[in-house]
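A.B. asks: Chains as they are written, first to last, in my numbering: chain A, 1 to 453; chain B, 1 to 96.
Just so you know, these hints were derived from the structure itself, not from any lab.
All C-beta atoms in this analysis are idealised placements derived from N, C-alpha and C, irrespective of residue type, glycine included.
Errors might be hidden in some of the hints.
[Claimed, not checked] Cross-link-like lysine-lysine pairs, in silico, PhoX-like; alpha carbons within 20 Å at most:
| no. | chain 1 | residue 1 | chain 2 | residue 2 |
| --- | --- | --- | --- | --- |
| 1 | A | K59 | B | K68 |
| 2 | A | K355 | A | K245 |
| 3 | A | K13 | B | K32 |
| 4 | B | K4 | A | K59 |
| 5 | B | K5 | A | K13 |
| 6 | A | K180 | A | K245 |
| 7 | B | K43 | A | K348 |
| 8 | A | K410 | A | K348 |
| 9 | A | K53 | A | K13 |
| 10 | A | K13 | B | K4 |
[As the list claims (entries may be wrong)] Derived CB-CB ranges, DEER-like:
| no. | chain 1 | residue 1 | chain 2 | residue 2 | range |
| --- | --- | --- | --- | --- | --- |
| 11 | B | K91 | A | N232 | 17 to 27 Å |
| 12 | B | Q42 | A | K48 | 49 to 59 Å |
| 13 | B | I74 | A | L265 | 41 to 51 Å |
| 14 | B | R59 | A | A358 | 33 to 43 Å |
| 15 | A | L265 | B | D76 | 43 to 53 Å |
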Amino acid sequence: MPISVEEVFETVKMTLDHHFDIRTVTLGINLKDCMDRNLNAFTRRIEKRIVEKGLLLNKFAETIENRYGIPITNRRIAVTPAALLLEPLPRNIKTAVGLARALDKAAGKAHIDFIGGFGAMVQKGMTSADETLIDAIPQALSKTQRLCGFLNLASTAAGMNMDAVVKFGHTLKKLAHLTKNGIGCAKIAVFANVPEDNPFMAGAHHGIGEPDFSLNIGISGPGVVRNVVLQNPTCDLTQLAEVIKRTVFKITRAGELIGREIAELMNVNFGIVDISLASTTAAGDSVAEIIEAMGVKSMGLPGSTAALALLMNAVKKGGAMASGNIGGLSGTFIPVSEDAGMIRAVRKGTLSLEKLEALTSVCSVGLDMFAVPGDTPAETLSAIIADELSIGIVNNKTTSVRVIPVPRKKAGDIVHFGGLLGSAPVMPVPKITSPKFIARKGRIPASIHALRN
Amino acid sequence: MPRKKPAQICIVTVTGIDKVGIIARLAAAMAKANINIVDVNQKIMEDYFVMTMAIDMARAQIDIEQLKKKLDRIGDEMSLKITVQDATIFKAMHRV
Numbered sequence: 001m002p003i004s005v006e007e008v009f010e011t012v013k014m015t016l017d018h019h020f021d022i023r024t025v026t027l028g029i030n031l032k033d034c035m036d037r038n039l040n041a042f043t044r045r046i047e048k049r050i051v052e053k054g055l056l057l058n059k060f061a062e063t064i065e066n067r068y069g070i071p072i073t074n075r076r077i078a079v080t081p082a083a084l085l086l087e088p089l090p091r092n093i094k095t096a097v098g099l100a101r102a103l104d105k106a107a108g109k110a111h112i113d114f115i116g117g118f119g120a121m122v123q124k125g126m127t128s129a130d131e132t133l134i135d136a137i138p139q140a141l142s143k144t145q146r147l148c149g150f151l152n153l154a155s156t157a158a159g160m161n162m163d164a165v166v167k168f169g170h171t172l173k174k175l176a177h178l179t180k181n182g183i184g185c186a187k188i189a190v191f192a193n194v195p196e197d198n199p200f201m202a203g204a205h206h207g208i209g210e211p212d213f214s215l216n217i218g219i220s221g222p223g224v225v226r227n228v229v230l231q232n233p234t235c236d237l238t239q240l241a242e243v244i245k246r247t248v249f250k251i252t253r254a255g256e257l258i259g260r261e262i263a264e265l266m267n268v269n270f271g272i273v274d275i276s277l278a279s280t281t282a283a284g285d286s287v288a289e290i291i292e293a294m295g296v297k298s299m300g301l302p303g304s305t306a307a308l309a310l311l312m313n314a315v316k317k318g319g320a321m322a323s324g325n326i327g328g329l330s331g332t333f334i335p336v337s338e339d340a341g342m343i344r345a346v347r348k349g350t351l352s353l354e355k356l357e358a359l360t361s362v363c364s365v366g367l368d369m370f371a372v373p374g375d376t377p378a379e380t381l382s383a384i385i386a387d388e389l390s391i392g393i394v395n396n397k398t399t400s401v402r403v404i405p406v407p408r409k410k411a412g413d414i415v416h417f418g419g420l421l422g423s424a425p426v427m428p429v430p431k432i433t434s435p436k437f438i439a440r441k442g443r444i445p446a447s448i449h450a451l452r453n
Numbered sequence: 001m002p003r004k005k006p007a008q009i010c011i012v013t014v015t016g017i018d019k020v021g022i023i024a025r026l027a028a029a030m031a032k033a034n035i036n037i038v039d040v041n042q043k044i045m046e047d048y049f050v051m052t053m054a055i056d057m058a059r060a061q062i063d064i065e066q067l068k069k070k071l072d073r074i075g076d077e078m079s080l081k082i083t084v085q086d087a088t089i090f091k092a093m094h095r096v
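Just chain B, same shape as in the assembly (with noise of 0.2 Å):
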């Protein structure tokens, strides 16, 4: 059986004002670049709207410069700022 492979997180970080949709968009642009949603959250902080979501890019079928330019498209038209970063930099810096 071929090994399963390991989940390769990042996290994508949507700022801005909510409106409808922002969560279709994403998710529509992830399940056409064969990437799986792992979690979704959302809050407002300091007036921003903030929505993070934790995508698995191991099956991916694109790279995450690749998916950077995506989500820049779709934050210029939804007048988002989206930034995807590896989960790792998350935990170096925010655990001990």
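Next up, chain A with everything else stripped away, as it sits in the complex (with noise of 0.2 Å):
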């Protein structure tokens, strides 16, 4: 049967009208080979190989871009976690921070904007690796403008890693102070169950599971499930979420086809399709918007978390229809800064701290670029991340924390990030907390979830 001009309109409409894009392809590179115990023959070889492939990537991205029609917003590098890479180096500051700057100025010759990996997986221990890098994030994410990092420092075989989740809220407030308005805190997020495949920031890396190449691709299109649920007023649930489901179903095709043209193009494996709706701070491509869109009168009042699991449900469905190769995050972005649904509901007092947390226990992935007050204790956002993560751990899913201590702002001022990054309405965090809690440290048991043989 013919394409009819009905359908073609449809999805020309997509991208003019609604936002449509793909919203990365990113591509994961293995740098375990270039492994050396010399730091600058090392770095060498990684650069080599990031600029080579980074080049190629933008160029054939263009070429497909050009061919379909649909936008490539962002293309990115994913490496192999940083703090394997350190195990042959000397153990100190300035060696990690070393790969850092190399990590961050091949990205730069390759014309990418933002390369992920710099991170480690620690959710049951820390190698004297691991610790040498998480010691040196304040300084490696403060003197570099395109790496982006991650811990995961959970996961439901492993349970919780307290002395690390401890660490990190060390290491989170020392980087908040090395950048202006706490910035470089947008650029890690510390994970539960971490995908080793998500090509989405800040998060992005190569597991180890991986090949040497993988193409991963991450669609977008808050804008066009917004404007199916608006043209749908009156319907059913029922009926709304055969209608979501049919259109993700579309933009998801649309992503498989582009993910796997380019991989052929640059000869490499392709991998998966992250359907993660993401919003941006354009008018109308935002996810609480979406919610607004189905009668929910502001986000984060009663009825959200319904409405939101309906729409993951909806959307996970049509997505696994359309690809075989669905994989990385695949829930639904709630970052506070970059949705502009999201900014007004805090503005307005009806989205509150522990709301957004209710909300990610039905969908991805976690309490996302959320500002607080840059006096908040880091045994707080150790307390605040410890809560996040065991939602992730006990319901077997991925959730992850991005939080930003805003140096010298309080509850209720608004910072401006810039960019993709938005501005963020500061949310009031409790003044009493529970420092003992978190002093206690060791490792919370592995959830009874894991004893599935």
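Grab the two chains, each in its own frame, and use the hints to assemble them into the complex.
C.D. replies: The following block contains the structure:
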């Protein structure tokens, strides 16, 4: 059956009017074979590989963008977790920062805006290289432009490494003080059950189970989904789930086609399509506004969690039908600063930190891009992280935290991060907290859900 | 005998306000670049005038990027939004 005018128009309108884009094509690059006991020899090798592949990624992304007329907004690179690469190198912060600078420089030369992977898998324990990397995070992320980091602090199978959670609370405070408005903290996310093939920053990295190269794609269409919800103002929720599912099927198919073609041109493995709805600060490109279009008066009010769960379920069903290679996070981002509807809800007082935490239990990816007062103690940050990651452990899902303790700001202030990162109202955090619980450290044992064999 | 090149079908979409000479302008541009027009359809949808033109670029003397630039110029002159996309994307999105 030939394609009808209606079908063509639907696709064209998605990109022209509803911000449909391929949010990111992310090339995962294995750097394990570049490892060396000499930092200079090591960084020379990784720079050569990253620059060569990064330039190709940009070139072919452009070819495919022109061929299909669907914008590819970001081209990014994810590498092997840096803590692993540090293993043969001297245990000092200078070396870790040297690696950070080398990754940053290579990304710059390849015209890649973000490179991910400055991180470690420490859900059960830390090697001395892992500890060195965590100690180096404040300097590494404040002295580079394009580098992003991640830490996996917990998993369903291992439980939660509270030693690392405590350490990271202090790391975050230091990082916040070294960068304007604490913006450096936007470049690192901590996880429970981190996926190894997630194409979205800040958590992207090329996991150890991955091949030499892997091309992963993140589609995005909150604007498209919101539009289809708005066009069905009175249908019941069963029908609404159906129309969302159909729309997500279409955008996922576009993503899979584009990912496969870029991978083929680059002669690398095609990895996964991440179907996460990722909002931007553009008007209408908001997940909160989808929930509001469903009939919830303002994001965060009663009904929001149910609406988000419905949305998420429909997105996954549409995506899974469209592609056999769904992976990464494949949830819904509800970042506070990057979503106009979320910002509005916090300012109106309908969305609190506590409700945000509840929302993340039905969607990926966690407490994302939210600002808290600069005087929030490190122990409180650790406690917020421990709470959120527990949701991931118990529910066998990914959760993450990307929190910005903004120096010298207090609850209610607005912080402008600029560009893609948007602006965030500083959210209040309880003054009375639980330092004794955090000070116990140790490891929260693995979940009973891990015993599945 | 040289084998016939396989077709490379792209869809040109024009949206905006209907006026005299749209098809003529596009057809002239296509002919100049040795692009064959395979099919043309048009409709009024949601107050938009929408025309789709299926073209075969197998023997084109320009690539899709150059064609896009040409169409952008025509679009600017005639106050229309013109896009061109490889037809595979529509099949992927609208056919199971």
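A.B. asks: Between the alpha carbons of K43/B and K348/A, is the straight-line distance 20 Å or under?
C.D. replies: violated (44 Å)
A.B. asks: Take a look at whether the Cβ-Cβ distance between L265/A and D76/B falls inside 43 to 53 Å.
C.D. replies: Since L265/A and D76/B have Cβ atoms about 31 Å apart, the given range 43 to 53 Å is violated.
A.B. asks: When you check the alpha-carbon spacing of K180/A and K245/A, does it fall within 20 Å?
C.D. replies: violated (41 Å)
A.B. asks: Are the Cα positions of K355/A and K245/A separated by 20 Å at most?
C.D. replies: With Cα atoms ~26 Å apart, K355/A and K245/A exceed 20 Å; violated.
A.B. asks: Hey, K13/A versus K4/B, does the alpha-carbon distance stay inside 20 Å?
C.D. replies: violated (35 Å)
A.B. asks: Given a hint of 41 to 51 Å, does the C-beta separation of I74/B and L265/A actually sit inside it?
C.D. replies: Hint violated: Cβ distance 29 Å, outside 41 to 51 Å.
A.B. asks: Quick check on a hinted range of 33 to 43 Å for R59/B and A358/A, using CB atoms only.
C.D. replies: Since the Cβ atoms of R59/B and A358/A sit about 60 Å apart, the hinted range of 33 to 43 Å is violated.
A.B. asks: Can you confirm whether the C-alpha distance between K59/A and K68/B stays at or below 20 Å?
C.D. replies: holds (17 Å)
A.B. asks: Are the Cα positions of K5/B and K13/A separated by 20 Å at most?
C.D. replies: Since the Cα atoms of K5/B and K13/A sit roughly 32 Å apart, the hinted pair is violated (cutoff 20 Å).
A.B. asks: What's the verdict on K4/B and K59/A, does the C-alpha distance respect the 20 Å limit or exceed it?
C.D. replies: violated (30 Å)
A.B. asks: Has the hinted range 17 to 27 Å been met by the Cβ atoms of K91/B and N232/A?
C.D. replies: holds (26 Å)
A.B. asks: Run the distance test for K53/A versus K13/A: straight-line Cα separation, threshold 20 Å.
C.D. replies: violated (33 Å)
In this structure, the hints that do not hold are numbers 2, 3, 4, 5, 6, 7, 9, 10, 13, 14, 15, in rising order.
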